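Protein chains: 2
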Amino acid sequence: MRKNILVGQSGGPTAVINASLYGVITEGKAHPEHIDTVYGMVNGIEGFLSGRCMDLSQELTAEDLLLLKQTPAAYLGSCRYKLPENLDAPVYGLLFEKFTSLGIGACLYIGGNDSMDTVDKLSRCARLRHENVSFIGVPKTIDNDLPVTDHTPGYGSAAKYVASTVREICLDASVYQQPAVTIVELMGRHAGWVTAASVLARKHPGDNPLLIYMPEVPFDMEQFLENVKNALDQQPNVVVCVSEGIRDKHGRFICEYANEASLDTFGHKMLTGSAKLLESYVRNRFHVKVRSVELNVNQRCSSLLASAADVHEAVLSGRTAVQQMLGGATGCMVTCSRRHTPSYELEYGLTDVCNVCNKEKGFPVDWITQKGTDIGPQFLEYALPLIAGEPERIMELGLPKYLSRSRKTPA
Amino acid sequence: MRKNILVGQSGGPTAVINASLYGVITEGKAHPEHIDTVYGMVNGIEGFLSGRCMDLSQELTAEDLLLLKQTPAAYLGSCRYKLPENLDAPVYGLLFEKFTSLGIGACLYIGGNDSMDTVDKLSRCARLRHENVSFIGVPKTIDNDLPVTDHTPGYGSAAKYVASTVREICLDASVYQQPAVTIVELMGRHAGWVTAASVLARKHPGDNPLLIYMPEVPFDMEQFLENVKNALDQQPNVVVCVSEGIRDKHGRFICEYANEASLDTFGHKMLTGSAKLLESYVRNRFHVKVRSVELNVNQRCSSLLASAADVHEAVLSGRTAVQQMLGGATGCMVTCSRRHTPSYELEYGLTDVCNVCNKEKGFPVDWITQKGTDIGPQFLEYALPLIAGEPERIMELGLPKYLSRSRKTPA
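Line order of the protein sequences matches chains X and U. Per UniProt numbering, the first sequence starts with residue 1, numbered consecutively. Per UniProt numbering, the second sequence starts with residue 1, numbered consecutively.
Excised from the complex, chain X in its bound form (with noise of 0.2 Å):
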C-alpha cells in the first residue's frame, strides 16, 4: 500500500540541510510503488500545527530541486519548537489527526538535538496509540555534537568555511609590521568542534592562529593575557580564536564579563561577544592593535564553499531515512561511521533516538595540547576527509543561485 511521506527541518540553518531535504524527496520519488507523495512541513512541526504545509513532490521541477541541493539555511523554514512531556497532551491528538487526514504513513525530521526530542517523543506516542506513522530523525548540526554518529551533516561545510576564513583572516593580519592582535569568535556554546576547526587554517609551524580557546578548557584571563605576550615576544602579527562559549573555572561565560561595559547613549546594555570583550582586556594591558572578528551566522550557513564530501554525505543521511523507513523502522536517528579502509569510507546506519536526543557529544579533550591552547593532530585526520571538495554550483548573475520558498508559494 502506498502512503505519503512528511518531512520537516529544525533548529538553526546549515549549508547542507537542503541538501538531505533533496535526498529525501528524490529518494521518496525513486520508490513509486511504496510513496505517493512528499509533504513539507513550513517551519516544522510547529508550522505544521497551524496547518503550513507543501507538496514537495508536485511543487519543485527537476532545476528547483538542483538548486535546492546548493541553497544553504533551510529551504523549509525552521522553528524551536519543545513537545510538551505529557504524551497524552491535546497537541499529539492534533498532530496525529493531521497525519491521518494527509495519508501521512511516515515522518522525516531533519535536525540536531533538539529535535531528536521531537522524533522520540512522536514515536513514543505512536506506539501508546497505535498509530501507524514512523518518526525517522535525519542529522544535522554544524556543532557536530550529536552522539554515536561520526559526525553530523553541516559540520563539514561549517568547518571549511572557519579553515578558509581564518586563513584568509591570518593573511589579512600579516601585512603590516605593527604589532596587532586579532581575535576570532568561533560558534559552539558547549562543544569546541567548530572552534577547532580554525586549527586546518595553520599552514607551518608557527603559522596563526596561533592560539585556540576551547569552551572544554577552563579559561583563565591571566593565562590568557600572558599567553597573548609570549605570543607577541614570537611574532608581530597574532592571531587567536576563541568560541563563543569560553567559561572560567567557576563556569561564568567569559561575555558575561561585559556586564559594566558597553552602554549606549540611553543607558542600554549592549551584548558583547567574548571575542569583544578579550579585545579591549588585551588592548588595555598591552596597547598594540587588536581587532575581534566574529565570524557570526555565515558560518553556519555559508555556501561560498561548502565542502562537496559534507553535501554527499548530507544527500546520502536523507536518502538512508526513507530507505530505512521503507524497512519499517521508527524512533531512530540515521548514523555514520568510518569502515576500517585505508581511505576515508562510511558506512550508514541507525540508532536508537533515545541515545540521541538532549545529549551532547563534546569535543574529545586529549585532542586539546596540553597547555590547553592548540589541537592535537588527530584532529586533523577526523575533520580533512569531512572538507574535502567543492559542489558543481550553479550560478546567475555572478552569485550562486539559490530556491527561495518565498518566490515560489507567498506566504
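A pair holds if it fits inside one copy or across any two, identical chains being indistinguishable in the list.
For lysine to any residue, the following SDA-like pairs were computed, each having C-alpha atoms within a straight-line distance of at most 20 Å:
(1) 401 x 204
(2) 203 x 395
(3) 361 x 148
(4) 401 x 391
(5) 82 x 178
(6) 249 x 374
(7) 203 x 405
Worth flagging that the hints you see were computed from the coordinates, not collected in a lab. Being a predicted model, the structure only gives us computed values, none of them experimental.
With chain X held as given, fit chain U onto it using these hints.
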C-alpha cells in the same frame, strides 16, 4: 639599456592586489630586452626604507606565480606610511640612494588614495632631483573611491563577497517565523560603494535587504526606527544593511554615539560598531529579536568567491603599468573606462596622479532612491559586470592554496 623595476603594495588588503602584482611580474618578465630584475618592496615604502626587499624575478617559481594570482591580502606586506610634504626632507635622499644602488629605473606602487600620494611625491621629487626613475600607480581599493577611473581592482570581489554573503544572511534570517531584525555593517567610511553592493543580494521586489543606509545620506535615528517598524509590518524577517560610516545631519558618526572612536596614523577616524549600536536601539524600541553582523576584514580580503572579472582586470592593470612605464610615463596612475559597446569592455589609460591622490569619489547621490534607503537600477547596471565569473582555483587539502611570504623568506 636594461633596467630594474621595483614594485610595492600599500594600504589595506584586497582579494586581487596580488593579481596586480602577478601582472607586474609577468609583464616585467615578458620584456627581457628592457627589464632585468623585478624587485619587491617588503611592507611598502616603509619596509623598503629599512632595507626590506626581495628579488621577485628569481624567488618565485612558475607555480608560485599562479598561486600568487589567487592569494588574497598583500603578498609583499603593506604599510600606511605618509611621506613628508617637504620634498627636501632627508628621507627622499635616502630613498633615491637606495633606488640607485639597486639600479631601479621605475617604481610601481599598488594602492589607493594614500598610496597615490606617495607616487605623486616621489615623481615630483625625481623631477626636482633630475633622477631618472619613473613612478606609476596601480589602483587598488575595495572602497572604489578613486576619481577618474571607472572602478578600482578589488571592488568587484568585495562587491561579490558582500552580495553573496548578505544573500546568505537573508536566507538564514528567513528560517524562523518570529519577528526579527538583522543589521549588517559594511565597510566604506566615506563612500557607500561597498554598502550599495548589498542590493545585489535582493532577488525579487520585497526581498531583503529591505533597507540600505549609505554614508552619503544623513542618518536620522527616529526615521530609521520608523522605517524598521514599517518593514516589520510588511514581513517578520527584516534585514538592514548599513555603512560603517553613517553620520547624522551634524556629521557625527552614528558609532560615536557609543563613544568608541580612535584615530589611525593618517588621522582617519577608526570606526567600530554602527550596526552594534543600532542593534540596541531597535531591541529597546521594539522588543524583537535583533542581531548585528559585521562583515569585518573578510569583505576586503576574501577569495572564497572572488570575481573573475576583477582578477582579470587587476592583472591587466599591473601589466598596463609596466607597458606605460616602458613608454616613458611617470607621475601617473593606471585607469580604466568603459567602451561604448553593447557588451562590457574596458579600455586602459593613465591619469596624472594629482587627479587622484588624497581625493575620494563618492557614490552618485542620484543612484540612491528618493527616501535614501535603497539603491537604484543604475547601480545594478554598473556593478553586475564587475562581479561576473569565478576564477579557476588551485586547492590543497580542501582549502584554496595560497602563497605565503613567511614560508619563502623567513623575515
